[in-house]
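Asker: Top to bottom, those sequences are chains D and R.
Position 169 of the first sequence, counting from 1, maps to 201 under my numbering, and the rest follow consecutively.
Position 229 of the second sequence, counting from 1, maps to 265 under my numbering, and the rest follow consecutively.
There could be a bad hint or two in this list.
Claimed, not checked - So the derived list for chain D, only partly shown, Cβ under 8 angstroms to chain R, looks like this:
#, residue
1, Asp100
2, Ala123
3, Leu140
4, Ile154
Hints listed in this document are in silico derivations from the structure and should not be mistaken for laboratory results.
In this text the structure is predicted, and so the values were computed from the model without any measurement.
C-beta atoms are modelled at their ideal positions from N, C-alpha and C, and glycine is treated no differently.
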Amino acid sequence: MDGPQSLRPAGSIVIDIENITKNYVMGEETVHALRGVTLQIRRNEYLAVMGPSGSGKSTLMNMLGCLDTPTSGRYEFNGRSVADMDDDELAAIRNREIGFVFQTFNLLPRATSLRNVELPLIYAGMDRESREERAAQALTDVGLGDRIQHKPNELSGGQRQRVAIARALVNNPSIILADEPTGNLDSKTGEEIMALLEDLYQRGNTIILVTHERDIATHARRTIHLRDGLIEMDQPGFVPQLDAVIAS
Amino acid sequence: MKRFVYELEESWRIAYAQMRSNMTRSTLTALGVIIGIIAVTLMGTAVNGIGVGFDKSMSVLGDDVLYVTQWPWKPVDDWWNYRDRKRIQTEYAETINRLITAAPNSNLVVAVPTSSLMRSIRYGGNAVDNVFTLGTTSDFTVTSTIEPKEGRFFNEIESREGAQVVIIGYDVADALFPSESPIDKFVMINGQLFKVIGVNSRQGTFLGLFSWDSMVAIPLIAFNKYFSSKSASDLRPGGSNTESDVRVKVKDKTKLLEAKDELIGIMRRVRALQPEQKDDFSINEQQAFKSTLDPVKNTIAIAGLFITGLSLFVGAIGIMNITFVSVKERTKEIGTRKALGARRRTILLQFLIESTALCLLGGFIGLVLAYFLCFGIGKAFPSFPIQFSFGLVVASMIVSVLTGLVSGFAPAWTASRLDPVTALRYE
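So that you can see chain D by itself, here it is in the shape it has in the complex (with noise of 0.2 angstroms):
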């Protein structure tokens, strides 16, 4: 894809985590979701978070997400830390760094493809006729070009969950963060969900992929193993034929 993150070097580091933990107060009980979790993701890589659940993998993803702030440690997001910002700062992270893409799509159901890719850019401040023309433009770039001015429930799970992809991709983010994104889909519209994420990969976007499962995850290139919040395996990807490609 086009745009400004193209110009940054390759493989610079796009975030980096040290020793981060999180704990949640439930009534008497303390939570350990994450006991101390080091993570670096550079750009263009192709990652993919697994665990079984209760292993911490939603809470990380909240964290890469930076839906939620770290109870301990140093997180940096493009050099910025993220830790201890606020709720606002957070939400202007998300809007133009994180492209999320959802299991259960999360479209707006009232308003049309165009309308829901626009959201991004409207929480960006850009003006309309911009708006219309990048969303336009992302939408027809995951295959949807024609079905612009449908609405959720005219769609099919496939195409609902490209519409959220194009979300995902209007405000060129540093990472698109895809949580599950064929777990309510079958499997042949799964392929092609995860057809297209490889397809934004091999075009210079950075993708988390979180996933609990195997098949979904070998298409990334570095799978992270999470177990009682901590980072168990971190391993090149389940493709031997690409591993040089994340080594570099």
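Given chain D's structure and the hints, the job is docking chain R onto it.
Answerer: Coordinates of chain R only, in the frame set by chain D:
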């Protein structure tokens, strides 16, 4: 700033889509506001109308006329001090007029005596009881603002010779002469025939305050000749007594106080009071009357608006409730928006606009309905004072917006503070 405008625009669009997709719910909720706004608006028009009605009734008194009376036009605690005052004599008018003419640069124009009694009046088979019957002189036209609809007031000659002529009010004419012109017809008042020479134009009644519509006027000399001796019915408790006063026209109504002082001086001479004696008469003007009635008017206004305001309050609670429901239902959407970069303010704004849009819609519909209701009431009861004004439109729109903001604030605030992680997980 630009972002704020775009967010605002987006919020309106969402609010519109939201209302359209929840038609029944929105309509029912807006109904509360509609009823509230109708109630408040109608009350507003009534309060307006009461003001106008007061002023209209008051205008009979004239704002440039001083009234010399035994009792002051205001409630008194020491009524016994007034009860034993000498009555006001109609003859004072002549003395006052002489003194006015003699005085250079007098602020007074002319004094007019009036006496009044309740009398029955009859024409053919039609009769009206308890008509306010006024005896006065031809100078009365100077102090009165009322215009004759037909005919004329009696002239100086008729006045001086006590001619048996009468000017009747609109309602009296209506009752006695339902299908013919009263002019030159003879009516029977207290067993005497009087020729109708004039009919006053309609003034309208208001809260039973004095109205020309139910009065008749005859020359004072004729009045004294036929009515002054008290009949048995007048002496009964609750029966009417002859009430006399003198009204004095003022030259320049901006110098009302000076005129009043002058008149007090004249009256003290008429009554031959020593300097150490207190006034044994009262000088009244329209304003004094108004200032006693204004608190009444204001109390009606405040009480009325408060009570009708309650119905608007109930409507506001409905809006608040539905906005809370909306926030709850769309928790996940709020989470999504936050994930996409919506800040707290954005979410707050969005729900505030939704509640405000509902209230504005309700307010607008309510206003339109209230307008037609006003129109209908005005047509059905012409005497009912009702006054629809542009100010009222603006005021009720402002009230609608404020209602929306106030009732939407708590739910919108809740929404804006939602934790994005929790909100996204909400099902």
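Asker: Each hint should be assessed against the structure and marked as holding or not.
Answerer: Each hint, compared with the structure:
1. Here the hint on Asp100 (chain D) is kept, as its CB sits about 5 angstroms from the closest CB of chain R, short of 8 angstroms.
2. A distance limit of 8 angstroms between C-beta atoms decides the matter here; for Ala123 (chain D) the minimum to chain R is near 4 angstroms, and the interface restraint holds.
3. Hint on Leu140 (chain D) holds. Least Cβ distance to chain R is approximately 6 angstroms, under the 8 angstroms limit.
4. Satisfaction of the interface hint for Ile154 (chain D) is found here, the shortest Cβ-Cβ separation to chain R being roughly 5 angstroms, below the 8 angstroms cut-off.
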